[in-house]
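A.B. asks: Between the sequences and the hints, there should be enough to build the whole structure, so can you do that?
Sequences listed follow chains A and B, in order. Okay, so the first sequence: first residue is 1 according to my numbering, each after it adds one. Okay, so the second sequence: first residue is 1 according to my numbering, each after it adds one.
These are computed hints drawn from the structure, not numbers from a lab. All values derive from a computational prediction rather than experimental measurement. Beta carbons are placed, not taken as given, at the ideal position from N, Cα and C, and that holds for glycine. Wrong hints could be hidden among the right ones.
Said to hold, decoys possible - Below, simulated BS3-like cross-link-like pairs (lysine-lysine); rule was C-alpha separation at most 30 Å, straight line:
hint	chain 1	residue 1	chain 2	residue 2
1	B	Lys208	B	Lys178
2	B	Lys168	B	Lys136
3	B	Lys208	B	Lys144
4	B	Lys227	B	Lys178
5	B	Lys208	B	Lys168
6	B	Lys144	A	Lys172
7	B	Lys168	B	Lys178
8	A	Lys183	B	Lys168
9	B	Lys144	A	Lys183
10	B	Lys178	B	Lys136
11	B	Lys168	A	Lys172
12	B	Lys221	B	Lys178
What the hints assert, rightly or not - So, partial list: chain B residues that the calculated Cβ filter (under 8 Å) puts toward chain A:
hint	residue
13	Asp11
14	Arg20
15	Leu26
16	Pro32
17	Glu34
18	Ile35
19	Thr112
20	Ser113
21	Ser114
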Amino acid sequence: MPYFCHSPRDPRLLRAQVWRVEAIEPGLAQVTRRSDVDLDSAFASARPRLVRIAASLVGADTAEDVVQDTYITARARISQLRDPNAIEAWLARICVHRSFRIKRRGKRLTELLPFVPFARSTPASAGRLELHELVEQLPPRDRAVVVLQHGYGYSLAEVAELVGISHANARKVSSRTRARLLKQWQEAEA
Amino acid sequence: MSEPVDRRPRDEARFDAELRRAARSLIREELPREILDPVAVGSAGLPGRVTARRALPGFAGAGAAVVVLLLATAVALAPGSPHPTLGTPQASQSLGMKISPEISTLPLFRATSSILMDLSALEYRCNDGRVVESPKPEPDAVVKESAICTAPDSAGPLSAALIIGEAKGGRIVVVTIKADIVGDDTPAARDAVAETLGRAASVVAYVKDNGAFINAWVLEKLAGVEKNESVLLQQRGYSMRIFRSSTGSYVVTVEAAT
Numbered sequence: 001m002p003y004f005c006h007s008p009r010d011p012r013l014l015r016a017q018v019w020r021v022e023a024i025e026p027g028l029a030q031v032t033r034r035s036d037v038d039l040d041s042a043f044a045s046a047r048p049r050l051v052r053i054a055a056s057l058v059g060a061d062t063a064e065d066v067v068q069d070t071y072i073t074a075r076a077r078i079s080q081l082r083d084p085n086a087i088e089a090w091l092a093r094i095c096v097h098r099s100f101r102i103k104r105r106g107k108r109l110t111e112l113l114p115f116v117p118f119a120r121s122t123p124a125s126a127g128r129l130e131l132h133e134l135v136e137q138l139p140p141r142d143r144a145v146v147v148l149q150h151g152y153g154y155s156l157a158e159v160a161e162l163v164g165i166s167h168a169n170a171r172k173v174s175s176r177t178r179a180r181l182l183k184q185w186q187e188a189e190a
Numbered sequence: 001m002s003e004p005v006d007r008r009p010r011d012e013a014r015f016d017a018e019l020r021r022a023a024r025s026l027i028r029e030e031l032p033r034e035i036l037d038p039v040a041v042g043s044a045g046l047p048g049r050v051t052a053r054r055a056l057p058g059f060a061g062a063g064a065a066v067v068v069l070l071l072a073t074a075v076a077l078a079p080g081s082p083h084p085t086l087g088t089p090q091a092s093q094s095l096g097m098k099i100s101p102e103i104s105t106l107p108l109f110r111a112t113s114s115i116l117m118d119l120s121a122l123e124y125r126c127n128d129g130r131v132v133e134s135p136k137p138e139p140d141a142v143v144k145e146s147a148i149c150t151a152p153d154s155a156g157p158l159s160a161a162l163i164i165g166e167a168k169g170g171r172i173v174v175v176t177i178k179a180d181i182v183g184d185d186t187p188a189a190r191d192a193v194a195e196t197l198g199r200a201a202s203v204v205a206y207v208k209d210n211g212a213f214i215n216a217w218v219l220e221k222l223a224g225v226e227k228n229e230s231v232l233l234q235q236r237g238y239s240m241r242i243f244r245s246s247t248g249s250y251v252v253t254v255e256a257a258t
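C.D. replies: Encoded structure:
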């Protein structure tokens with residue numbers, strides 16, 4: 001599994017993955033192993049694109065984590081792939097989903113280890129910030145919604161579907177983030 | 001002394017435009033078209049997806065199947081129902097395509113930004129379009145031509161432009177593609193127009209299979225449309241029209257079926 005070797009950040013994830021594979025019924029395990037070979041090569045070719053998608057949604061410094069998360073999720077759910085020809089779109093869908101969820105782990109780590117200083121993804125400059133800088137500084141979850149809705153042009157219902165939350169929740173995240181950005185932007189304009 | 005002017009709505013409109021620009025500037029890669037296609041990708045089996053909970057899913061599914069069966073039988077037996085062979089759309093028959101009921105609930109058009117990225121890959125040059133000064137009062141009226149894209153020279157002996165018409169809220173309601181043959185009106189030139197317009201029209205469809213359907217329909221029909229003639233097809237939720245003016249210009253429009 002070259003992608004774990006690439007960045008073995010958390011050995012617990014490796015153990016969890018091994019457990020999942022062993023837990024699969026024998027009949028399915030054969031299918032899953034065969035699919036894993038396809039997944040590895042498909043993932044290898046899709047990986048640069050996935051990194052760019054994740055970088056668009058949550059920033060370059062978190063993108064690698066998202067893509068690694070994508071691989072773990074894809075391995076665990078390869079049996080649910082409907083159309084092997086659409087594996088790249090399937091991986092991208094997982095990547096978008098994991099981009100939205102990546103904050104949770106960070107938040108939990110922050111709560112667990114409050115004494116560890118976590119660096120900001122983009123250092124705040126002293127002068128006036130451009131709007132794209134304000135968007136870049138948003139938490140990954142909020143930034144992902146903003147980029148999906150305003151950058152890619154998806155409707156809120158589609159954003160909700162992509163990131164796996166309810167429409168009401170997506171609307172709440174979107175309007176709250178927009179209001180915050182508007183306030184910052186107006187203050188910067190004033 | 002004049003009253004203070006409330007600049008808030010105008011400011012917010014400017015902010016929204018700036019926000020769109022800022023968010024677009026962060027995009028490093030376009031998302032695949034099939035990403036929301038339930039046929040190809042589904043929900044990717046992801047956790048955390050919000051779905052309605054049912055107390056007895058097995059019974060509910062069986063009940064729904066019975067209701068659908070009864071409804072279908074009632075419609076088929078009702079007086080005035082179309083004959084099965086007459087009711088089959090010819091275009092889909094001749095093109096050998098299947099119609100998936102699952103995809104009929106999806107939007108018809110992709111987001112403008114996604115369309116522009118694909119057109120850009122096809123070497124189209126796009127500008128920001130223009131606001132329609134006197135829009136019609138209907139809710140689906142075009143209030144803005146959000147982008148006007150011209151085909152590259154490599155398309156052949158023709159000039160073509162694609163215009164995206166948006167209603168209030170940025171929803172695409174119509175896409176118009178116009179083309180003129182440059183030079184002699186030969187079968188080869190018509191084929192080049194059909195190929196260019198078909199490919200451009202296919203980019204706008206939300207579901208890739210529908211895009212292929214539109215492309216195939218334009219390819220099949222356009223070259224046979226004579227001056228002052230138009231061909232209309234309503235299929236898959238789209239109303240598609242090919243029109244050839246008295247001067248020889250081709251116009252393809254794709255909008256929601258009424």
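A.B. asks: Decide, hint by hint, whether the structure agrees.
C.D. replies: Evaluation of the provided hints:
1. Lys208/B to Lys178/B: Since the Cα atoms of lysine 208/B and lysine 178/B sit roughly 22 Å apart, the hinted pair holds (cutoff 30 Å).
2. Lys168/B to Lys136/B: holds (11 Å)
3. Lys208/B to Lys144/B: holds (25 Å)
4. Lys227/B to Lys178/B: holds (14 Å)
5. Lys208/B to Lys168/B: holds (25 Å)
6. Lys144/B to Lys172/A: holds (28 Å)
7. Lys168/B to Lys178/B: Roughly 24 Å between the alpha carbons, so the hint for lysine 168/B and lysine 178/B holds.
8. Lys183/A to Lys168/B: It holds: about 25 Å lies between the C-alpha atoms, which stays within 30 Å.
9. Lys144/B to Lys183/A: holds (28 Å)
10. Lys178/B to Lys136/B: holds (22 Å)
11. Lys168/B to Lys172/A: holds (22 Å)
12. Lys221/B to Lys178/B: Measuring from Cα to Cα gives roughly 15 Å; hence the hint holds.
13. Asp11: holds (7 Å)
14. Arg20: holds (5 Å)
15. Leu26: Status holds, d = 6 Å.
16. Pro32: It holds, given that the least Cβ distance between proline 32/B and chain A is near 4 Å, below 8 Å.
17. Glu34: holds (4 Å)
18. Ile35: holds (5 Å)
19. Thr112: Interface hint status for threonine 112/B: holds (6 Å vs cutoff 8 Å).
20. Ser113: holds (4 Å)
21. Ser114: With a minimum Cβ separation of about 6 Å from chain A (threshold 8 Å), the hint on serine 114/B holds.
Violated hints are absent here; each numbered hint is respected by the structure.
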